[in-house]
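Protein sequence lines, in the order shown, are assigned to chains A and B.
For the first sequence, our numbering assigns the number 1 to the initial residue and increments by one for each residue that follows.
For the second sequence, our numbering assigns the number 1 to the initial residue and increments by one for each residue that follows.
This list has only true hints and no planted wrong ones.
FRET-style restraints, in silico, Cβ to Cβ:
#1 A:Leu91 <-> B:Asn57: 37 to 45 Å
#2 B:Asn57 <-> A:Pro67: 14 to 22 Å
#3 A:Ala72 <-> B:His93: 14 to 22 Å
#4 A:Arg62 <-> B:Val126: 14 to 22 Å
#5 A:Arg62 <-> B:Glu18: 25 to 33 Å
#6 A:Glu25 <-> B:Pro43: 38 to 46 Å
#7 A:Ala74 <-> B:Pro43: 17 to 25 Å
#8 A:Ala95 <-> B:Gln168: 17 to 25 Å
#9 A:Pro67 <-> B:Arg187: 45 to 53 Å
#10 B:Gln27 <-> A:Gln111: 44 to 52 Å
#11 A:Phe105 <-> B:Met188: 52 to 60 Å
#12 B:Asn57 <-> A:Val97: 45 to 53 Å
Rough simulated footprint, nothing fancy, chain A against chain B, three-plus residues with beta-carbon under 8 Å:
#13 66 to 76
#14 153 to 167
If you're looking for bench data, these hints aren't it; they were derived computationally from the structure.
Idealized CB from N, CA, C, for every residue including glycine.
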Amino acid sequence: MKQDCERFLEELATSASAAAELSNEAAAHVRNCARCRAKIPELKAVAYVHRAAAAKLAEPKRRLGRPQLEGALANTHWATRDFGVPWRAVLAGAAVVVLIISGAFAHRIFQRRVDRAAQAEREQGRRQAVQEAFEPTMLALHHEVEGGRELLLAGTAGVGMRPYRLKDAASEP
Amino acid sequence: VDLPVKDVETAPGISEEEILRLVGLAQEGSADAFGRLFELLSPKLHQHAFFLTGDSNNAVDLLQETMIEVWKHLRRFDGRARLLTWICSIMAHRHYDWIRRWRVRATAVINPHAAESYAPSPEETVEQAETTRLLRECLDDLPAKQRTVVYLRFYAGESLEGIAAIAQCSVGTVKSRLFHGLERLARMRKLKEFHLHSGARR
Numbered sequence: 001m002k003q004d005c006e007r008f009l010e011e012l013a014t015s016a017s018a019a020a021e022l023s024n025e026a027a028a029h030v031r032n033c034a035r036c037r038a039k040i041p042e043l044k045a046v047a048y049v050h051r052a053a054a055a056k057l058a059e060p061k062r063r064l065g066r067p068q069l070e071g072a073l074a075n076t077h078w079a080t081r082d083f084g085v086p087w088r089a090v091l092a093g094a095a096v097v098v099l100i101i102s103g104a105f106a107h108r109i110f111q112r113r114v115d116r117a118a119q120a121e122r123e124q125g126r127r128q129a130v131q132e133a134f135e136p137t138m139l140a141l142h143h144e145v146e147g148g149r150e151l152l153l154a155g156t157a158g159v160g161m162r163p164y165r166l167k168d169a170a171s172e173p
Numbered sequence: 001v002d003l004p005v006k007d008v009e010t011a012p013g014i015s016e017e018e019i020l021r022l023v024g025l026a027q028e029g030s031a032d033a034f035g036r037l038f039e040l041l042s043p044k045l046h047q048h049a050f051f052l053t054g055d056s057n058n059a060v061d062l063l064q065e066t067m068i069e070v071w072k073h074l075r076r077f078d079g080r081a082r083l084l085t086w087i088c089s090i091m092a093h094r095h096y097d098w099i100r101r102w103r104v105r106a107t108a109v110i111n112p113h114a115a116e117s118y119a120p121s122p123e124e125t126v127e128q129a130e131t132t133r134l135l136r137e138c139l140d141d142l143p144a145k146q147r148t149v150v151y152l153r154f155y156a157g158e159s160l161e162g163i164a165a166i167a168q169c170s171v172g173t174v175k176s177r178l179f180h181g182l183e184r185l186a187r188m189r190k191l192k193e194f195h196l197h198s199g200a201r202r
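All chains, full assembly: derive it from the sequences and hints.
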C-alpha cells in the first residue's frame with residue numbers, strides 16, 4: 001500500500017501547490033488510502049499559508065538605486081565576468097589532452113623498461129653463453145701427448161670430466 | 001480555500017519580449033540595458049530580498065551581491081524560465097550561503113539592529129510581519145534544494161517546468177522536492193502553532 005502512495009506523492013504535491021485536480025487514478029487511490037487522505041489537507045494548508053504570504057510581500061525601507069548598483073558593477077573586476085566560455089567543455093577537453101599525454105608518456109616509459117629488460121636479458125644470455133663456452137675449457141684445459149702427437153684436451157670440470165678434442169697441437173703451425 | 005499560485009509579473013506594464021530584448025543587449029555587454037532591466041525588476045526584487053532577509057539593510061546588500069552575480073553570469077540565462085525567477089533563484093542561493101556561513105538567522109546576527117529596521121511599514125501590520133518572519137524561518141530550516149523549489153514555486157510564482165530548467169533537473173525531481181518540502185513544513189512545530197493561532201483568531 002505504501003508503495004502505491006509513493007506513486008502518487010508527486011501528484012499530491014502538484015495538486016496542493018497549484019490547486020489542481022488529481023487524476024482519476026490518484027483520486028481513486030486517495031479515496032481508499034487514509035494516509036494520503038490525511039496528507040492532502042496538510043499540504044494544502046502549508047501551500048495556502050505560503051501563497052497568502054507571497055501575495056503581500058512587504059517593501060523594505062532602504063532601496064538599492066541604479067547608480068549605486070552601477071558603481072558596484074564598475075568595481076567588479078572584468079576578469080570575473082562570464083564571457084560565455086564553455087568552461088566545462090574546455091576543462092573536459094584539457095582533461096582528455098592531459099590523459100592522452102600522460103598515457104603516451106607512461107607507454108613510452110613502459111616500453112623503454114621492457115626494451116631495457118630484454119636487452120639485459122640478451123646481454124645476460126650472451127654472457128652466460130660465453131661463460132659456458134669458455135669456463136669449462138679454462139678449467140679443464142690440459143694437454144697430453146698421445147702417439148707422438150701433442151693434443152690439447154678440454155673438458156667440463158663439473159660434468160664428469162669428459163674430455164674432448166679441442167685442438168690438435170701438431171696440426172697447429 | 002485554494003488560492004491559485006500568483007502569476008507574478010516580471011515587471012508590471014512591460015512585456016516579456018521587451019525584457020528579453022534588454023537581456024539580449026545586456027548579454028552583449030550593454031551596462032545600460034542591464035541598468036534598465038534592474039530598474040524594471042527593482043520593486044519585485046526588493047520585496048524578495050526583504051522577504052528572505054527580513055531586514056532593509058541586509059536586503060540591499062543581498063540584492064547588490066545578487067545583481068553583481070547576475071551581471072557576471074547573464075550569458076547563462078537561456079530564457080527557459082522567467083528572468084525574475086532566475087534572479088530570485090540566485091538570490092535564494094546567495095542568502096542560503098549567508099545562513100550557512102553564519103549558522104544563524106540572518107536577521108539576528110548579520111545586523112544587530114535588525115529588529116529596529118524590521119519595524120513594519122504602515123502597509124504591513126504587525127501580525128503580517130510576524131507571519132512573514134515565521135514563514136521565513138520555516139523555509140530557512142528546509143534543506144537547500146527543497147527550500148529553493150518551495151520558494152520559487154510559491155513566492156516567485158514559477159511553473160514546475162521553469163523551476164526544473166533553473167535547477168537543471170527533471171520536472172519529476174522538482175515535484176518530489178516540492179512534496180517533501182511541503183511535508184517537512186507541515187511537520188514543523190512552529191507552523192502548526194501558527195495554524196492553531198490563526199485558527200483561534202478566525
